[in-house]
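Student: Sequence:
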Amino acid sequence: MSSSSWKSSLHQMMQRLTSEQIEPIRVAVVGIGNEFRNDDAAGVLVARMLLQYENPGHALILRAGHAPENFTSELRAYRPHLVLMIDAADMGAAPGEVSLIPFDQIDGMTASTHSLPLSMLSRYLTLELNCAIVLIGIQAVSNDVGETVDPSVMMAVHDVAEAIFDVCMVGKSLGWV
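In my numbering, the protein residues as written are 31 to 207.
Calculated directly from the structure, the hints in this document are not laboratory data. Even for Gly, the Cβ is constructed at its ideal location relative to N, Cα and C. Heads up, a few of these hints could be off.
[As the list claims (entries may be wrong)] Label pairs and their computed distance ranges (CB to CB):
(1) P181 - E53: 21 to 29 Å
(2) T178 - N100: 21 to 29 Å
(3) D120 - T48: 28 to 36 Å
(4) Y83 - Q42: 35 to 43 Å
(5) D174 - N100: 20 to 28 Å
Generate the whole structure from the sequences, applying the supplied hints.
Tutor: Encoded structure:
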């Protein structure tokens, strides 16, 4: 999916959610990955970058690491309308390519370094929270042991963090929580 395509899809999803909700929408961003497995750190790095921005005050940002299921209590307490999971993925795409993947298509898309498959976590969260769930997948080059992120993946990390921040800032102007 081209850079403009996934960003456009994200903006359309946010506009649809905003128009469907009576109350201000709540977005949770879950950065997933293992910082000691090279490119698998991508989701955690996105969350870290978002936490460094001035917090727009209406998005819950979680650095969930390799066990995002450990953060379900925070998600239940926040009651998001949308959960954006960010993770390194094996989509058979060019290194650093980004795709927006609906939760029902997550099976087999992400790296296998997680305790619980993201497809199972997504189904649980959908039922438990009655919210939309989307994976923003970043095509990894390597999830071997190490702390070196491929430059194309790091560029995608910056791009994803900026896009999410931009969407959240637009949401803030619309009165999101």
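Student: Hints first: check each against the structure and report whether it holds.
Tutor: A quick look at each hint next to the structure:
In this structure, P181 and E53 break the distance hint of 21 to 29 Å, their C-beta atoms being roughly 42 Å apart. Between T178 and N100 the CB atoms are about 26 Å apart, so this pair conforms to the stated range of 21 to 29 Å. Checked against the given bound of 28 to 36 Å, the beta carbons of D120 and T48, roughly 32 Å apart, stay inside it. Remark: the range hint 35 to 43 Å for Y83 to Q42 is contradicted by a beta-carbon distance near 23 Å.
About 24 Å separates the C-beta atoms of D174 and N100, a value consistent with the hinted range of 20 to 28 Å.
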